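**Q** Given next are the chains, with one letter for each unit.
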Amino acid sequence: MSLWLIPALPLLGAFVLIVFGQQLPKRLIPIIGSGSVGLSAALTFALGYRFISSSASSFHIKAWQWMDINGFSPAVAFHLDALSLVFIFVITFVGFLIHVYSAEFMVHDDGYARFFAYLNLFVCSMLTLVLADNFVLMYLGWEGVGLCSYLLIGFWYAEEKNGYAARKAFIVTRVGDISLAFGLFMLFQQFHTLNIQEVAAQAAQHWTVGSETALIISLLLLGGAVGKSAQLPLQTWLPDAMAGPSPVSALIHAATMVTAGVYLIARTHVIFELAPDALMIVGIIGAVTLVLAGFAALTQFDLKRVLAYSTISQIGYMFLALGVSAWSAAIFHFMIHAFFKALLFLAAGAVIESLHHEHDMFKMGGLKNKLPVVYWTFLIGAGSLAALPLITGGFYSKDQILWLSLAGEHGHIWFFLAALVGAFVTSVYTFRMMFLTFFGKENTPVGHVPGKGMNIPLIVLAILTTVGGFIELPHTFGHVTFFSDFLKPILPAVTMQEEMESFEWLIQLVAALVALSGVGVAYYFFIYKPDQADELKSSAADLHSFWLSGWGFDKLYDKLVVQPYVYLSNVNKNDVIDKLYESVVTVANWLNRILAYTQSGILRWYIMGIVIGGILLMALALI
Amino acid sequence: MILVAFIAILMTGGIIAWIAASWSHSASRWISLVTLLVDFSLAISVWMNSSGLEWIEKFSVPWVPDFGISFSLALDGLSLLMLVLTFFLGIFGVLVSWNEIQERVGFFHFNLLWVLAGISGVFLTMDLFLFYFFWEVMLIPMYFLIGIWGHENKRYAAFKFFIFTQASGLLMLLAILGLYFVHKSNSGTGTFDYFQLLGTQIPLGTSRWLMLGFLAAFIVKLPVVPFHTWLPDAHSQAPTAGSLILAGLLLKTGAYGLIRFVVPLFPEASAELAPWAMLLGVVGILYGASLAFAQTDLKRLVAYTSVSHMGFVILGVFAFNQLAMQGVVMQMITHAISTGALFAIAGVLYERIHTRDILAMGGFWGKAPFMGVVTLIFVMASLGLPGLGNFVAEFLTLIGSWQANPMLTIFAAIGIVTATAYSLRIMQKVFLGKWQSEKAMPDLSLREKLIFIPLIVTIIWLGLFPQTVINTVKPMIDKQFKIEQPTSIQNNNGVQ
Amino acid sequence: MQIAFYIAAFVAVLSTVMVITRFNVIHALLYLVVSFMAMAVVFFILGAPFAAALEVIVYAGAIVVLIIFVIMMLNQKEEAVDQEKKWLTPSVYIGPAILSVLLLGELIYIIYEGESHTIGQQVVDVKEVGKTLYGPYILAVELSGMLLMAGIVGAYHLGRQKKKVTHRFLKQTED
Amino acid sequence: MQVSAEYGLLLASVLFTLGLIGVLVRRNIIFMLVCVEIMLNAAGLAFIVAGSKWTQADGQVMFIFILTMAAAEVSVGLALILQIYHQLKTLDGDAANSMKG
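Chains as they are written, first to last, in this note's numbering: chain E, 106 to 728; chain D, 38 to 533; chain A, 953 to 1127; chain U, 1197 to 1297.
If you're looking for bench data, these hints aren't it; they were derived computationally from the structure. Quantities reported herein were computed from a predicted structural model and do not represent experimental measurements. Yeah, the Cβ is synthetic: ideal placement off N, Cα and C, and Gly gets one too. Some hints here could point you the wrong way.
[Unchecked claim] Cβ-Cβ distance ranges computed for the label pairs, FRET-style: (1) PHE587/E to MET444/D: 47 to 53 Å; (2) ILE1060/A to LEU210/D: 37 to 43 Å; (3) PHE120/E to LEU211/D: 28 to 34 Å.
[To be verified] Only part of the chain E face toward chain D is listed, based on derived beta-carbon distances under 7 Å: (4) ASN175; (5) PHE177; (6) GLU248; (7) ARG279; (8) GLN294; (9) GLU514; (10) SER674; (11) LYS678; (12) VAL681; (13) TYR686; (14) VAL690.
[To be verified] Here are the simulated BS3-like pairs of lysine-lysine, each with C-alpha atoms no more than 25 Å apart in a straight line: (15) LYS1285/U to LYS1038/A; (16) LYS1249/U to LYS1079/A; (17) LYS678/E to LYS486/D; (18) LYS684/E to LYS191/D; (19) LYS1038/A to LYS1296/U; (20) LYS95/D to LYS516/D; (21) LYS593/E to LYS266/E; (22) LYS266/E to LYS475/E; (23) LYS473/E to LYS546/E; (24) LYS546/E to LYS660/E; (25) LYS1029/A to LYS1285/U; (26) LYS475/E to LYS557/E; (27) LYS1285/U to LYS1037/A; (28) LYS468/E to LYS664/E; (29) LYS471/D to LYS404/D; (30) LYS131/E to LYS404/D; (31) LYS404/D to LYS511/D; (32) LYS475/E to LYS546/E; (33) LYS473/E to LYS634/E; (34) LYS473/E to LYS557/E; (35) LYS642/E to LYS660/E; (36) LYS471/D to LYS266/E; (37) LYS660/E to LYS266/E; (38) LYS593/E to LYS468/E; (39) LYS131/E to LYS660/E; (40) LYS167/E to LYS511/D.
Work out the full structure, taking the sequences as your base and the hints as a guide.
**A** As structure tokens, then:
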């Protein structure tokens, strides 16, 4: 069985590129880089076909025993089931497309080999993360993707601010990782195993619904998920992470790595099911994040920052879906989101590159005719993001979440309202971006026009975005449940609240209207009457800058955590404790000076000392 | 006999290297290198042939029989690993000084090999008197290494190092003598033999004091936080090989002492102390990390990271379970390699730009990408990236200490976040950012690559296949926890 | 005979006081001889005739003569006496004197603490002293012989007229 | 010849103290040496008194040893005085203070 080859190939690619990167001829670099991931993708297809056609619920392969101490025995072993198959499909296939795109996008960069090495390493780590059969190996992948994210955000290392963004991303996600680690420690303490399947089996056996341990553990796991997936309150790193090259943003910060949190929660859904309170918190985090990030996206100038906030917001949807136990809906949205967000980022990258690295949307405009392929694919992606009804994949995936957030067993009217508000805002900012970039008059002359290498991935992704939606259709039209059936062995279906089913079409109608009205609003403000937008902006300048800064979270953390820590460590740079020992030295020196004073060198003085000593001794003897 | 050979080869090699230096400097270097290679291959062959027994080799002849002193050496899994590590790092110690040391070359190599001999002795000896002897043997050449070939503030650093270790070593001597007399009054025969002293029944009050004596020497060496201040000075002032050996091996003798002597000899007293010791460990982790974050001297920064990492050792030792103990052993090895490598990088940079100030560096990646990759790997090791050895160590330690004391483990794990902060700061200030200076920055030479590639291979090997190491120490740890089990459980309940 | 003791004691004390207060060294030495003579008398009264004889021969004779020789070698002038006068002022001697008197007080107190004895009834003669000296104390005699030897050699070595001696470490700075 | 032992010891103490005062107040090293002789002599007297009390020869033996020592001390001391005078051109004891701390 060649399961292990899937992560091993990109690792091999990375190794070759790191070690021989400098010596390799330039045209060979993308071939190795994309080729290794392409092979993985092909293997994934082959394996996926075998998996679907076979009756086994999972494939399992153990490469070697990693550690074995007294019951703690994580192995380097891979476990393929429906859930991980979806993930590795997205990772390898979208990853491959992005590699192909990067082959042209990065061609003039000095660090061409380095870039592909990092990307390959990332793919390997991400595959390890989703294929791991135990939590420790998953943690390896988990941290590995963090490392690659750090390296790729800081890829253009000469800029100080890129380095800062990279470190911020690493450190903030590490805060979440620690929480995940605690969760693992507690799991091990409870069950003496960290094998995912065994943990799931034991959890179901030993815990009852609402168990306190389950609650604590699931909250700790959630902490990890929140950090990696840039959800409240650890979302601040993602907008800054856009300092990396656009393909990186597409692969890591949109399609794959940031959804690791979704994967984690889906993977441990057994534990979460046992802790309804934790699930509720997941839902609340998702709901709040999607609304907050949506409003923040409304005010951004930077094209990529809009997409970053939009990613946060869309992952918020996935969390919301997880929170209402709509597991397969979350995964479905993950997949569709991976397609259209990767598409949007790649297209944005093409736009930015053709405008000489101009990120500000207000300086773009009128690109509709200059970059037709980019325009059309971007439009398809944007439509999907805004969930325009019927024709886009995004509509079907998001609609399912909207519906289940109300009608699911754990659904709630507030969840639904938040999702609805989010949908409206999404549609507004998406088309604001669309209109500002591609419509209106041309503000910056177009330089480089993307070639075939960049266009083909865009087109493939655009097709996927559209087609992907049709594998899971709601009851009201078609009722195709291919995707959720596929996941059913792993992820249980949603239990519906009673007497709700008849409303489904109503909800869909509302969602569709909201999305369309969002487009309308965007049209009104940015095409029809652009002055109105400025007026609105100046009338609520404070709110605007508040949203622009992402609700002030950066400032808050800066004041609350970063500055005090930096201040304290700088104050203590020379180590207070050392002063203590220095004071011992000072006292010794001081005593030395005092005692030296008594050594006058005069003989009679010493005799005097003897006499005084004699007197005292005698007096002592007499008393 | 082979155990004596380990030490004797180093000592003779040292003397020959000293003499040879009067002919030619490079002869001295080659002799040291060959000496270490011989010892290393011997140690490896012992490792290959070792069975699963607790004691692989033993050797003992009476020395001063009237006082029960014997020249007693013994090798178990832990000693073996430490010994292999000693010779392994020793080789790199010679290699990094190849160009750096140009004055009194012979005496330098003599001191280098004798430090290593002392360290090997410490790891091998099973007689407390002999242990103290080797403890001192290891101290004096190190003092010379710092004091003669160090940087600008070498005298101060050497004195500080000497006074701290010597003062705490004397406390240990007192404790050794105390133990001797307690055993003598119990059994009628006085002995310094470790195996005979093991089961000594000591009244708890006495045992507390004796343990503190041992502890003093070990936690100063380790170092644990209020006693750590010698370390940044010694590390930053020592020549590269000195820093490498200090960080890689000398600190480990403290950890080794904790595992070998403090816990087995005084089980009850150390169980009593455990929560406080763990607390000190946690304080060390956070305090060291915070100081490391503020430093601008590269070697000083790395030195403080040692303080932080060694906090995990004491945390793990006093967690009293197998996982944590395995983690501690891993930590000893991996920290030696990763920190040693970082010091070597600092040395390599110092040879090129003659400064250790990270504010004067920046953007070296463009000029020296190979060095950048090497540094990246070891920086990642120091922040505990999975796949590298340090992760195994820290994860095992934490998962073990979680069973003993979750609250402290939470704080210890915060140290991992702070470790991220300071580690990335190294990377940022040195290799990323803009190229500032006009100085030439050649990439690593062949000799330097020869230093770093084996280190990289080892750290990755330890990260992916730690089971070899785990199996080697397993008999020793199993044995220890057969004795420890009841007290440790009691302790756990008490702490929680 | 008691009266003889008191007189001798009085002479000894008085002459010693004169010794320590003279400005001229030779005068002081003359008083010192007197003091030693008085002591010899005391020894005799206490029944130690051999000690008395030695006191006169060695102390009053040899040692004092030795000191006088040295003073002659030093060739002290009149200024020396003036110098002594300048040195010996009340502010200098008050403090030490008070301390010493304090010590004396303590000694006296200790002496009168014990029981009272009468002494000097019996003479311990030379024969007895000799037997003791060369009997149990023979080792000490040997040692004192070596001490004297060392004294001679030391005195010879130190007393030699040499070029100005400077320590080898100080050579460079002294020149 | 009957004298109270206290008087003998008293005389020894007085002489010792006088010698001590001499050592303390005089700056001329020859005087200091002379005063040391007085102190030694006083100590010898104390031994004689004690020997006389027990009518044993040991007191006188001790006196002889003190005498020997005094002789040796004086010879070495005088040699040192000569040396100091040559070096410092003065007999001031306080001038020889190069061991000042």
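**Q** Does each hint hold? Answer for all of them.
**A** The hints, checked one at a time:
1. Taken as a hint, the range 47 to 53 Å holds for the pair PHE587/E and MET444/D, whose Cβ atoms sit roughly 49 Å apart.
2. Checked against the hint of 37 to 43 Å, the pair ILE1060/A and LEU210/D fails, with Cβ atoms roughly 50 Å apart.
3. The hint said 28 to 34 Å for the Cβ distance between PHE120/E and LEU211/D, and at roughly 55 Å that hint is violated.
4. Given hint, ASN175/E at the interface with chain D, holds; its Cβ is 5 Å from that chain's nearest Cβ, closer than 7 Å.
5. The restraint placing PHE177/E at the interface with chain D holds, with a minimum CB-CB distance near 6 Å, inside the 7 Å limit.
6. The interface hint given for GLU248/E is met, as the beta carbon of that residue sits about 5 Å from the closest beta carbon of chain D, less than 7 Å.
7. Checking ARG279/E against chain D by beta carbon gives a least distance of about 5 Å; that is within 7 Å, so the hint holds.
8. The beta carbon of GLN294/E comes within 6 Å of a beta carbon in chain D, closer than 7 Å, and the hint placing it at the interface holds.
9. At about 33 Å, the closest approach between the beta carbon of GLU514/E and any beta carbon in chain D exceeds 7 Å, and the interface hint on this residue is violated.
10. With a least beta-carbon distance of about 4 Å to chain D, the hint placing SER674/E at the interface is held under the 7 Å criterion.
11. Annotation: LYS678/E was flagged as interfacial toward chain D, and the flag holds, the nearest CB pair being 4 Å apart, inside 7 Å.
12. The interface hint given for VAL681/E is broken, as the beta carbon of that residue sits about 10 Å from the closest beta carbon of chain D, more than 7 Å.
13. Given the 7 Å rule on beta carbons, the hint for TYR686/E holds: about 5 Å separates it from the nearest Cβ of chain D.
14. Contact between VAL690/E and chain D, as hinted, is not supported at the beta carbon level, the nearest pair being about 9 Å apart and thus beyond 7 Å.
15. Among the hinted pairs, LYS1285/U with LYS1038/A is consistent with the structure: their alpha-carbon atoms are about 18 Å apart, no more than 25 Å.
16. Between the alpha carbons of LYS1249/U and LYS1079/A the distance comes to roughly 18 Å, so the proposed pair stays at or under 25 Å and holds.
17. Straight-line distance between C-alpha atoms of LYS678/E and LYS486/D comes to about 34 Å, which puts the hinted pair past the 25 Å bound.
18. Of the pairs offered as hints, the one joining LYS684/E and LYS191/D holds, with about 19 Å between alpha carbons and a cut-off of 25 Å not exceeded.
19. In summary, the hint linking LYS1038/A to LYS1296/U is supported, as the alpha carbons are separated by about 24 Å, within the 25 Å threshold.
20. At most 25 Å may separate the alpha-carbon atoms for a hinted pair to count; LYS95/D and LYS516/D meet this at roughly 17 Å.
21. The suggested pairing of LYS593/E with LYS266/E is violated, with an alpha-carbon distance near 45 Å, which exceeds 25 Å.
22. For the hint linking LYS266/E to LYS475/E, the alpha-carbon distance of about 32 Å lies beyond 25 Å, and the restraint is violated.
23. A hinted pair counts as satisfied when its Cα atoms are at most 25 Å apart, and LYS473/E with LYS546/E qualifies at roughly 10 Å.
24. A distance of roughly 36 Å separates the Cα atoms of LYS546/E and LYS660/E; the hinted pair therefore is violated under the 25 Å criterion.
25. Between LYS1029/A and LYS1285/U the alpha-carbon distance is near 13 Å, which keeps this suggested pair within the 25 Å criterion.
26. A threshold of 25 Å between alpha carbons decides the hint, and for LYS475/E with LYS557/E the separation of about 15 Å falls inside it, so the pair holds.
27. With a C-alpha separation of about 19 Å, the suggested pairing of LYS1285/U with LYS1037/A holds against the 25 Å cut-off.
28. Between LYS468/E and LYS664/E, the direct Cα distance comes to roughly 33 Å. Violation of the 25 Å bound is thereby established for this hinted pair.
29. Proposed proximity of LYS471/D and LYS404/D is supported: the alpha carbons are some 11 Å apart, at most 25 Å.
30. Between LYS131/E and LYS404/D the alpha-carbon distance is near 19 Å, which keeps this suggested pair within the 25 Å criterion.
31. For the hint linking LYS404/D to LYS511/D, the alpha-carbon distance of about 45 Å lies beyond 25 Å, and the restraint is violated.
32. Under the criterion of a C-alpha separation no larger than 25 Å, the hint pairing LYS475/E with LYS546/E is consistent with the structure, at around 12 Å.
33. The straight-line distance between the Cα atoms of LYS473/E and LYS634/E is roughly 20 Å, inside the 25 Å bound, and the hint therefore holds.
34. Restraint check for LYS473/E and LYS557/E: satisfied, since their Cα atoms lie roughly 18 Å apart, inside the 25 Å limit.
35. Restraint check for LYS642/E and LYS660/E: the C-alpha separation of about 22 Å stays at or below 25 Å, so the hint holds.
36. Taken as a hint, the LYS471/D and LYS266/E pair is honoured in the structure, with Cα atoms around 11 Å apart against an allowance of 25 Å.
37. Between the alpha carbons of LYS660/E and LYS266/E the distance comes to roughly 16 Å, so the proposed pair stays at or under 25 Å and holds.
38. For the suggested pair LYS593/E and LYS468/E, the alpha carbons sit about 48 Å apart, so the restraint of at most 25 Å is broken.
39. For the hint pairing LYS131/E with LYS660/E, the CA-to-CA distance comes to about 43 Å; that exceeds 25 Å, so the pair is violated.
40. For the hint pairing LYS167/E with LYS511/D, the CA-to-CA distance comes to about 23 Å; that is within 25 Å, so the pair holds.
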